[in-house]
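Sequences listed follow chains U and R, in order.
According to the working numbering, the residues represented by the first sequence are 1 to 132, in order.
According to the working numbering, the residues represented by the second sequence are 133 to 310, in order.
Hint data in this document are derived by calculation from the structure and do not stem from the laboratory.
Hints should not be assumed to be uniformly reliable.
Reference excerpt, derived from the structure (chain U facing chain R, CB under 10 angstroms, subset only) [to be verified]:
1. I18
2. L66
3. S82
4. F83
5. P95
Derived DSS-like pairs (lysine-lysine); straight-line CA-CA distance at most 30 angstroms [unchecked claim]:
6. R:K310 x R:K168
7. R:K231 x R:K168
8. R:K309 x R:K228
9. U:K93 x R:K241
10. U:K93 x R:K291
11. R:K241 x R:K291
12. U:K93 x R:K219
13. R:K231 x R:K219
14. U:K4 x U:K43
15. U:K93 x R:K228
16. U:K25 x U:K3
17. R:K231 x R:K241
18. R:K291 x R:K219
19. R:K231 x U:K93
20. U:K25 x U:K64
Quick partial rundown of chain U residues pointing at chain R, CB under 10 angstroms, derived from the structure [unchecked claim]:
21. I21
22. K25
23. T28
24. W60
25. I90
26. A91
27. L94
28. L96
29. E97
30. L98
31. Q99
32. S100
33. P101
34. E102
35. P105
Where is the CB? At the ideal position from N, CA and C, for every residue including glycine.
One letter stands for each residue in the lines below.
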Amino acid sequence: MLKKLLLLGVVSGILSGILSIIYAKIYTHYLGVDFSTIATPVKIIVSSLVGCLLAAIGYWLLHKVLKSKTEIVFNLLFTVLSFVSILGAIATKLPLELQSPELFPWLVLPMHLFPVLGWLTLEPIFFPSQKA
Amino acid sequence: MRKILNVLPALLLLVVASSFRQAGADWNIGTGYSVKFSTSGDVGGIFRTLTGAIHFDENSPATASFNVAVDINSINTGNGVMNTHAKSAEWFDGAKYPKITFVSSKVVKAGAGYQAIGTLTMHGVTKPFTLPFTFQRSGAGGLFHAAFTVNRNDYGIGKPGDVDDNISLELSVPVTKK
Chain U
1 MLKKLLLLGV
11 VSGILSGILS
21 IIYAKIYTHY
31 LGVDFSTIAT
41 PVKIIVSSLV
51 GCLLAAIGYW
61 LLHKVLKSKT
71 EIVFNLLFTV
81 LSFVSILGAI
91 ATKLPLELQS
101 PELFPWLVLP
111 MHLFPVLGWL
121 TLEPIFFPSQ
131 KA
Chain R
133 MRKILNVLPA
143 LLLLVVASSF
153 RQAGADWNIG
163 TGYSVKFSTS
173 GDVGGIFRTL
183 TGAIHFDENS
193 PATASFNVAV
203 DINSINTGNG
213 VMNTHAKSAE
223 WFDGAKYPKI
233 TFVSSKVVKA
243 GAGYQAIGTL
253 TMHGVTKPFT
263 LPFTFQRSGA
273 GGLFHAAFTV
283 NRNDYGIGKP
293 GDVDDNISLE
303 LSVPVTKK
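Using the sequences provided together with the hints, build the complete structure.
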C-alpha cells in the first residue's frame, strides 16, 4: 500500500507542480508582475512533490490507526492543512526590490491547493476498489 | 554715461556670480536613490518615490536649501498586507496625508558632515527637525547620505507599543547637476 501511496504522491505532486507553473506563467502574463525569482519552477515542483509525498506518508500512518475511516479523515485534514498553509504565503516578506507584493498571495494561493486537488483527482485511479 | 560704466562691472559680476551659483548648487535627484526605514523588529522597508528641490554647495552651506517629499503610497515593506496596513488610517493615512515632507530653513556644517535645520511634516503634523547628512561630490554629480531616527509618536503615527517608537531612516540620494 505504501508503494502505491508514494506513487500517487509522486504523480499528483508532479501534476500539481506543472499546473502551478502554468498558472504562474498565465498570472505573470496577465498581471504584469514577476515573482519568478521567488517562485521558481524548481521550487514549485519540489514543494508540490514534497507536499504530496508527505501526504502519502501521512495517509499510510493514519491508515495504521484509523483503518476504514482513513480516507474521510485524511481528505479533511489534507484540505484544511492546505488552506492553513496559505497563511504562510500571506505572511511572506519578499525582497524589497520586488514590485507589488500585494499580488504575491494571489499567485501562490491556488498553488497551495493544487496538490490536494491533484491527490483527490488521482486517488480513484490508484485505489479504485475503495470507491466501489 | 560714466555712472552707467561704473555700475556695469558690478552688474556683470552679480550676473556671473548668480549664474555660477545656479549651475553649481542646484541638483536633480538621480535614479538609484533609496529611502529605507527599519526598527529593531521585523518592521522595515523602503519608500520608492522621493521628489524635491535640492540646492547645496559644500563650500557655502549657508546658501543651501532642501525641499523634499516622500510619497507614502510608495511604501514597500515586502509584504502586501503590511503595505496596506501602513498606508491605512491607523498608520500613515496615505489617502489623507500622501507625503512626508522636509523643508530646510538653514544648513550648517557639523563635523565631517552637515545639518539641515527645518521642519518635518508627517501625518499632518509639522515639527522642527534637524537632519544630519553628508555629501560626497564625484565628478558632475554627488551623493547625499543621511541616517537618523524619528519618533513616530511625535507625529501620531500608529499606536504606542505596536512597533518601536523610534524608526531609523537611512537615505542615500545620488544627485546630478541641473
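Right, here's what the structure says about each hint:
Among the interface hints, the one on U:I18 is violated; its C-beta lies about 26 angstroms from the nearest C-beta in chain R, farther than the 10 angstroms criterion. Restraint check, U:L66 versus chain R: the minimum CB separation of about 37 angstroms is more than 10 angstroms; hint violated. Interface hint at U:S82: violated, since its Cβ lies 20 angstroms from the closest Cβ of chain R, which is beyond the 10 angstroms cut-off. Nearest Cβ of chain R to the Cβ of U:F83: about 17 angstroms, over the 10 angstroms cut. The hint is violated.
With a cut of 10 angstroms, the hint placing U:P95 at the interface with chain R holds, because the nearest CB-to-CB distance is about 7 angstroms. The straight-line distance between the Cα atoms of R:K310 and R:K168 is roughly 25 angstroms, inside the 30 angstroms bound, and the hint therefore holds. Straight-line distance between C-alpha atoms of R:K231 and R:K168 comes to about 15 angstroms, which keeps the hinted pair within the 30 angstroms bound. Between R:K309 and R:K228, the direct Cα distance comes to roughly 34 angstroms. Violation of the 30 angstroms bound is thereby established for this hinted pair.
Between U:K93 and R:K241, the direct Cα distance comes to roughly 40 angstroms. Violation of the 30 angstroms bound is thereby established for this hinted pair. The straight-line distance between the Cα atoms of U:K93 and R:K291 is roughly 22 angstroms, inside the 30 angstroms bound, and the hint therefore holds. Simply put, R:K241 and R:K291 have alpha-carbon atoms about 36 angstroms apart, too far for the 30 angstroms limit, and the pair is violated. Of the pairs offered as hints, the one joining U:K93 and R:K219 holds, with about 17 angstroms between alpha carbons and a cut-off of 30 angstroms not exceeded.
With a C-alpha separation of about 11 angstroms, the suggested pair R:K231 and R:K219 falls inside the 30 angstroms cut-off, and the hint holds. Between U:K4 and U:K43 the CA atoms are separated by roughly 25 angstroms; this keeps the pair inside 30 angstroms, and the hint holds. Distance restraint check for U:K93 and R:K228: the Cα-Cα separation of roughly 27 angstroms lies within the 30 angstroms cut-off, and the hinted pair is therefore satisfied. Note on U:K25 and U:K3: the hinted pairing is violated, with a Cα-Cα distance of about 33 angstroms set against a maximum of 30 angstroms.
A distance of roughly 28 angstroms separates the Cα atoms of R:K231 and R:K241; the hinted pair therefore holds under the 30 angstroms criterion. Between R:K291 and R:K219 the CA atoms are separated by roughly 14 angstroms; this keeps the pair inside 30 angstroms, and the hint holds. Proposed proximity of R:K231 and U:K93 is supported: the alpha carbons are some 24 angstroms apart, at most 30 angstroms. Pair hint U:K25 plus U:K64 does not hold up; C-alpha atoms about 40 angstroms apart against a cutoff of 30 angstroms.
The restraint placing U:I21 at the interface with chain R is violated, with a minimum CB-CB distance near 22 angstroms, outside the 10 angstroms limit. With its C-beta approaching chain R no nearer than about 21 angstroms, U:K25 sits outside the 10 angstroms limit, and its interface hint is violated. Contact between U:T28 and chain R, as hinted, is not supported at the beta carbon level, the nearest pair being about 16 angstroms apart and thus beyond 10 angstroms. Given the 10 angstroms rule on beta carbons, the hint for U:W60 is violated: about 37 angstroms separates it from the nearest Cβ of chain R.
The criterion of a C-beta within 10 angstroms of any C-beta in chain R is met by U:I90, whose closest approach is roughly 6 angstroms, and the hint holds. Interface restraint check: U:A91 against chain R, minimum CB-CB distance 7 angstroms, threshold 10 angstroms, status holds. The closest approach between the C-beta of U:L94 and any C-beta of chain R is roughly 5 angstroms, which is under the 10 angstroms cut-off, so the hint is satisfied. The beta carbon of U:L96 is positioned within 10 angstroms of a beta carbon in chain R (closest approach about 5 angstroms), and the interface hint is therefore held.
With a cut of 10 angstroms, the hint placing U:E97 at the interface with chain R holds, because the nearest CB-to-CB distance is about 9 angstroms. Interface hint at U:L98: satisfied, since its Cβ lies 7 angstroms from the closest Cβ of chain R, which is below the 10 angstroms cut-off. Taken as an interface hint, U:Q99 checks out: its beta carbon lies about 8 angstroms from the nearest beta carbon of chain R, inside 10 angstroms. For U:S100, the interface hint holds, since its Cβ comes within 10 angstroms of a Cβ in chain R; the closest pair sits about 8 angstroms apart.
Because the beta carbon of U:P101 sits about 4 angstroms from the nearest beta carbon in chain R, less than 10 angstroms, this interface hint is met. Because the smallest distance between the Cβ of U:E102 and any Cβ of chain R comes to about 3 angstroms, under 10 angstroms, the interface hint for this residue holds. A hinted interface residue such as U:P105 counts as satisfied when its beta carbon comes closer than 10 angstroms to some beta carbon of chain R; here the least separation is about 6 angstroms, so the hint holds.
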